[in-house]
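Number of protein chains: 2
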Amino acid sequence: MGTSLEPTHTELPARQAPHPDHADCRGVASVLSRVGDKWSVFVIMMLGDGPKRFNELKRMINGISQRMLTLTLRGLERDGLVTRTIFPTIPPRVDYELTDLGRGLQQPVKALGQWAMDHLAQIEAARTKFDQRNDG
Amino acid sequence: MGTSLEPTHTELPARQAPHPDHADCRGVASVLSRVGDKWSVFVIMMLGDGPKRFNELKRMINGISQRMLTLTLRGLERDGLVTRTIFPTIPPRVDYELTDLGRGLQQPVKALGQWAMDHLAQIEAARTKFDQRNDG
Numbered sequence: 233m234g235t236s237l238e239p240t241h242t243e244l245p246a247r248q249a250p251h252p253d254h255a256d257c258r259g260v261a262s263v264l265s266r267v268g269d270k271w272s273v274f275v276i277m278m279l280g281d282g283p284k285r286f287n288e289l290k291r292m293i294n295g296i297s298q299r300m301l302t303l304t305l306r307g308l309e310r311d312g313l314v315t316r317t318i319f320p321t322i323p324p325r326v327d328y329e330l331t332d333l334g335r336g337l338q339q340p341v342k343a344l345g346q347w348a349m350d351h352l353a354q355i356e357a358a359r360t361k362f363d364q365r366n367d368g
Numbered sequence: 233m234g235t236s237l238e239p240t241h242t243e244l245p246a247r248q249a250p251h252p253d254h255a256d257c258r259g260v261a262s263v264l265s266r267v268g269d270k271w272s273v274f275v276i277m278m279l280g281d282g283p284k285r286f287n288e289l290k291r292m293i294n295g296i297s298q299r300m301l302t303l304t305l306r307g308l309e310r311d312g313l314v315t316r317t318i319f320p321t322i323p324p325r326v327d328y329e330l331t332d333l334g335r336g337l338q339q340p341v342k343a344l345g346q347w348a349m350d351h352l353a354q355i356e357a358a359r360t361k362f363d364q365r366n367d368g
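Residue numbers (the numbering used here), protein chains in the order written: chain P, 233 to 368; chain X, 233 to 368.
Bound conformation, chain P alone (with noise of 0.2 Å):
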C-alpha cells in the first residue's frame, strides 16, 4: 500500500494526453480571429510608419466607413495593440499608434500578407476549378 502521505501520480494512457496543439485553442483563435479581420490587418498596417489621425487612417483605407473604423480601433486597442492619444486642442486631436506587441505583431501578419499576395492567383485558379467541377 506504501505510506498514505506520499502522493500517487496516475499518468494518463497516451492517446488521451492533450494534444500540444489543443493547449491554449480558444485564446489563440481569438488572436487569429482578429488577423483575420481585413480591417485591423490594414489599419496595422497603416500604423507601420508611424502615429496616425483617424481621419488619417479613414482616407488610406479605401472603403472602410467611420462606424466600422471606430470599431476596429477599438478592438486593437482592447488588444493592446494600439493605444488612443487625446491632445487637449481645439478641436481635441486623437492619435493611434501601435505599441510594441502591436508592432511585433506586423512581422507574422506581413509575412501571411505577402504569401497572400505572392499565391493569390494560384487560390483564385483553384476556386474556379473547383466550382466549375461542382457545377457540371
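Just to be clear, a hint being listed does not mean it is correct.
Remember, identical chains collapse to one label, so a pair may be satisfied in a single copy or spanning two.
[Stated by the list, open to error] The calculated EDC-like cross-link candidates involving lysine to aspartate or glutamate, where the alpha carbons are at most 20 Å apart (straight line), are: (1) LYS342 <-> ASP269; (2) LYS361 <-> GLU288; (3) LYS361 <-> ASP269; (4) LYS290 <-> ASP367; (5) LYS284 <-> GLU356; (6) LYS361 <-> GLU309.
It should be emphasised that the hints constitute simulated quantities derived from the structure, not laboratory data.
Following the hints, complete the assembly by docking chain X onto the known chain P.
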C-alpha cells in the same frame, strides 16, 4: 503643341495614386479570412505530418463537429490547399492531404500561431484592463 501622334502621359498627382496596400485587397482579405478561421488553421496544422482520414482529423481536433469538419475540408479543397483522395475499398477510404500550396501556407500560419501563443497572456491582460477601465 508637339506632334499629335505622340501619346500624352498625364501623371496623376501623387496623392491620388492608388495605395500599394490596396492592390488585390479583396483577394487578400479572402485568404486572410481563411486564416482567421480557427478550424481551417487546425486542419492545416494536423495535416502537417502527412495525409489523414476524416475520422482521424475529427478525433485530433477537439470540439469540431462532423458538419464543421466537412465544411472546413471542402473550403480548403476549393482553395487548392488540400486534396481529397477516395480509395475504392469497402467501406471507401477518404484521405485528406496538403497540396504544395497548402504546405507553403503552413509556415506563415505557424509563425502567426506561435506569436499568438507567445503573446496570449499579454493580450488577455490588456483586454481585462480595457474592460475594467470601460466598466468603471
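Results for each hint:
no., hint, verdict
1, LYS342 <-> ASP269, "both (14 Å within a copy, 18 Å between copies)"
2, LYS361 <-> GLU288, "neither (40 Å within a copy, 28 Å between copies)"
3, LYS361 <-> ASP269, "neither (26 Å within a copy, 23 Å between copies)"
4, LYS290 <-> ASP367, "neither (40 Å within a copy, 28 Å between copies)"
5, LYS284 <-> GLU356, "neither (34 Å within a copy, 25 Å between copies)"
6, LYS361 <-> GLU309, "between (41 Å within a copy, 11 Å between copies)"
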